[in-house]
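The listed protein sequences correspond, in order, to chains A, B, C and D. Positions 89 to 354 (the working numbering) are the ones given, in order, by the first sequence. Positions 89 to 354 (the working numbering) are the ones given, in order, by the second sequence. Positions 89 to 354 (the working numbering) are the ones given, in order, by the third sequence. Positions 89 to 354 (the working numbering) are the ones given, in order, by the fourth sequence.
In case anyone wonders, no lab produced these hints; they're calculated from the structure. Mixed in with the good hints there might be a few duds.
Since the list can't tell identical chains apart, any single copy or any two copies may satisfy a pair.
Lysine to aspartate or glutamate pairs mimicking EDC-like chemistry, simulated, CA-CA at most 20 Å apart [to be verified]:
| id | residue 1 | residue 2 |
| --- | --- | --- |
| 1 | K92 | E188 |
| 2 | K92 | E192 |
| 3 | K249 | D219 |
| 4 | K92 | D244 |
| 5 | K199 | E129 |
| 6 | K152 | D244 |
Keep in mind that this is a model prediction, so the values were computed, not measured.
There are 4 protein chains.
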Amino acid sequence: MMNKTTIKRKPGVKPNKPIMVVGLPGIGNVGKLVAEHLRRELNAQKFAVLNSPHFPPQVVMMKKGGVKLVDNRFYLIKSKKPKGSDLVILTGDAQAMTPEGQYEVNSRIVKFFKSMNGEFIYTVGGYSIGDAMSQKPRVFGNATGAEAMDRFKGYDVLFGKSRGVIWGSAGLIIAFAKKEKINGVCLMGETTSFLDVDASAAKAVIIQLAKRLDLAINTADLDRIIDKTAQAMRELEKQVGGLGQGQPFGASPPAGEPEHRPSYIR
Amino acid sequence: MMNKTTIKRKPGVKPNKPIMVVGLPGIGNVGKLVAEHLRRELNAQKFAVLNSPHFPPQVVMMKKGGVKLVDNRFYLIKSKKPKGSDLVILTGDAQAMTPEGQYEVNSRIVKFFKSMNGEFIYTVGGYSIGDAMSQKPRVFGNATGAEAMDRFKGYDVLFGKSRGVIWGSAGLIIAFAKKEKINGVCLMGETTSFLDVDASAAKAVIIQLAKRLDLAINTADLDRIIDKTAQAMRELEKQVGGLGQGQPFGASPPAGEPEHRPSYIR
Amino acid sequence: MMNKTTIKRKPGVKPNKPIMVVGLPGIGNVGKLVAEHLRRELNAQKFAVLNSPHFPPQVVMMKKGGVKLVDNRFYLIKSKKPKGSDLVILTGDAQAMTPEGQYEVNSRIVKFFKSMNGEFIYTVGGYSIGDAMSQKPRVFGNATGAEAMDRFKGYDVLFGKSRGVIWGSAGLIIAFAKKEKINGVCLMGETTSFLDVDASAAKAVIIQLAKRLDLAINTADLDRIIDKTAQAMRELEKQVGGLGQGQPFGASPPAGEPEHRPSYIR
Amino acid sequence: MMNKTTIKRKPGVKPNKPIMVVGLPGIGNVGKLVAEHLRRELNAQKFAVLNSPHFPPQVVMMKKGGVKLVDNRFYLIKSKKPKGSDLVILTGDAQAMTPEGQYEVNSRIVKFFKSMNGEFIYTVGGYSIGDAMSQKPRVFGNATGAEAMDRFKGYDVLFGKSRGVIWGSAGLIIAFAKKEKINGVCLMGETTSFLDVDASAAKAVIIQLAKRLDLAINTADLDRIIDKTAQAMRELEKQVGGLGQGQPFGASPPAGEPEHRPSYIR
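Please put together the full structure from these sequences, using the hints given.
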């Protein structure tokens, strides 16, 4: 049992035609920030846990002194409309460590979602342009196909403007969804290569997601992180102010570069 | 046979309701120091050996010119009380090198312990706070649950004060024990990131363990290493005196290190 | 399905006694440049796709906003002569990441080619001599045997002059072809260790291949990249002028790089 | 076939009660030098080839322009005495790249040797003491047991004086031989950490081996390499002469260190 990828599900919980938002650790932790924020703000209830020997062999130390295997978790938010689509949030502590593990874990996730008659998947990640910090991060999108892209007509989501590859769950889940004939889109917040936690990029994605899912989301939590980050940046800039350009703070991106530069996105 | 994880057990040895202490190579080698010390001081007898192709592909050169595959070993100390719980010490030369190997080896260890009607597991590790050396290392604990924590009421073990993840056997064994409904606790001695062998952290854990297991343990061996380390530190500080405390100045490991200095340290 | 190496083939497409040219990401991207150039210039049609969990766990972001699993692709060019050998081009985004994955993917490629009654395989790679840039890159060859080498009598291909090992598909496919009694040759363009994309080496190989396959190939595309690279080199040399030739001065890749700059280069 | 570890054997070749010498790439290439030297000097004939997907995914470029998968090879030298033990030399291009691959390949080697009614195995490696170069390299030994050690009474082979672990085939083959009740010994030539090819250490081992196997071995080839290395060293010392002690040339080993310092040996 402990040597296989398993999904353990709370008996009796049956999401209705669910829509899933996936946010796992990755570049700028944009995905994880988005998923954890939604989970908290919408008071989502955990209903399934995915364990895998392909995750890092670690346990998380819990606040009350317990332990928990590194895992991926499914949370449920019931729709307020009768027969409306429920919302499923997938987040977790880690991604699989090997190529083969990535294929196994992410194909299991898509099959599990299909077994629930899932209707649409949003994966969330960061798209790193380089060192520069954007004042107003853009949101890039890549989708299973035209039908999925059409959902974002009139939204501030840029399709066909990102280049390179998407690494890990954010990309594989969309590719596997396409094979299973489930529509989906990967939303990526524009981020920089030197922020471990980019709440600003996360907020940019949440704004589009909330509009698309017709949800009212309080972003006060994220705003606090954004303010603290901005303050830390200003202090750093003061200290290294005399060093001139080329520093990884506020540098402008090389002209004509963004579109062609490959970026590793989780 | 050589391509699988196997536990080979001396026939006829049947531990009674055993309690197990696990100490393997890791941060500061705290776990290994504790387990090897208990093994020597309590004159424990080897009764089972775990081999695995997931261990580093190495043999240990023995004192008399022989060789031995890198392995994990189970030692037994019979209780002095009639029908009392026997003590099992698990130590070894290495941990599995891949995530999948870690899951396999540690789940095998827990299943083997369960097959002996094992009652409680203590895993031992190091908890690295950073570069600073503590004069009086604290002991942190993470447990399978409240029942296991209760065993340490009135002890100098801090539950719920450590954060982050526990890597390898010290964590996975506790998580797997929980799944198998065996109680257990991971005890971590506070250590620094620049000591390869931290006898001071090991002693701090042994004091709590000895009290809990009602054992009289002579720590003269550890005291000798602690003194040598302190001396080496003082000399290093003289040489680099201007750099102040807490500097990661690349101290070399103390001279009187344990028999086989483990070559694979986590 | 997603956890295994699979080749999915368009139904009804039957290449006649095909000859295959294999060019995948690798040293100087010589192989990929050659294969992609032939594919475009000869208007080749995709007829089969190889997916594998041994590839990097990534999806490629497509121009129109879609996604595609990192894969290897087979393209077909029908012979203009009646009953003439068709040409198959194999190219892709990546190679397998592990030794075992390399063995699996490349043996599958050779078996698939054999199942089509394939007659001859050309793999293309780069042969890196060191830091120096050659004005007129040589082409080195290694073959399944004397019969395959004989095909290049009177050509500017040097057999028996290269030393060391060939890494990945370019080498394994020739070795596996030999085991399956299919003739083949690995053609390597002389390149330097500091060019990510070496169109000059690619052109040198294409000249020999075009002659051998009796194809008229326009190399204007490659010439443009060669010119841009040369220009970038001259500018770099001006800036670091005092360092002399042959310095590994960390040149950035040329601007006009191929569509998807491969992110995993060998 | 290509995805499994296989040993392909020339039909009809039946070594008589063979003794095997194993020398593969490793520290200072001592093992490989010894095995290749014996193979050449004794005019050994290849009779079996081991292929494995756990080897590096490479082909070797052959002198005449051919290719060959990286492999391990068995060579045979028939005994000159009637019913005398034949000599088998095992050498090759590489060792397995993963722990699991090492276990698989080396257990296959031992089982193959056992199936030939093999009597004794010598593995050869380098034992690195540190930076210092010894004028007269010692030979260290580790054996399956006392019976094997007894073979070297009166020889210049030091048992029980080496410490730490032996990495890869040189160690695992001895450990697996022990499990299969075949006697064997690992002979290690004293070498330094900064010589890629140490012919001096190789010669030291060959002298003991030749005596033990009652073979006359011409070492003129090795002497030539030794002379060239010594000359290169002298020139290096001239250039860095003013830098004093602590340089990796001719430094004396730290007192009392050799025995306790772990050394990675292949």
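Status of the hints after comparison with the structure:
When the C-alpha separation of K92 and E188 is checked against a cutoff of 20 Å, the pair qualifies both within a copy, at 13 Å, and between copies, at 9 Å. In this assembly of identical chains, the alpha carbons of K92 and E192 lie at most 20 Å apart whether taken from the same copy (10 Å) or from different copies (10 Å). Taking CA atoms no more than 20 Å apart as the test, K249 paired with D219 passes inside one copy only; the shortest distance there is 19 Å, against 36 Å between copies. Neither within a single protomer nor between protomers do K92 and D244 lie at most 20 Å apart by alpha-carbon distance, with minima of 41 Å and 38 Å respectively.
Proximity of K199 to E129 under the C-alpha cut-off of 20 Å is found in neither arrangement, the shortest distances being 27 Å within a copy and 41 Å between copies. Proximity of K152 to D244 under the C-alpha cut-off of 20 Å is restricted to the inter-copy arrangement: shortest distance 16 Å between copies versus 42 Å within a copy.
Figure legend: structure checked against the earlier numbered hints; hints not met, in rising order: 4, 5.
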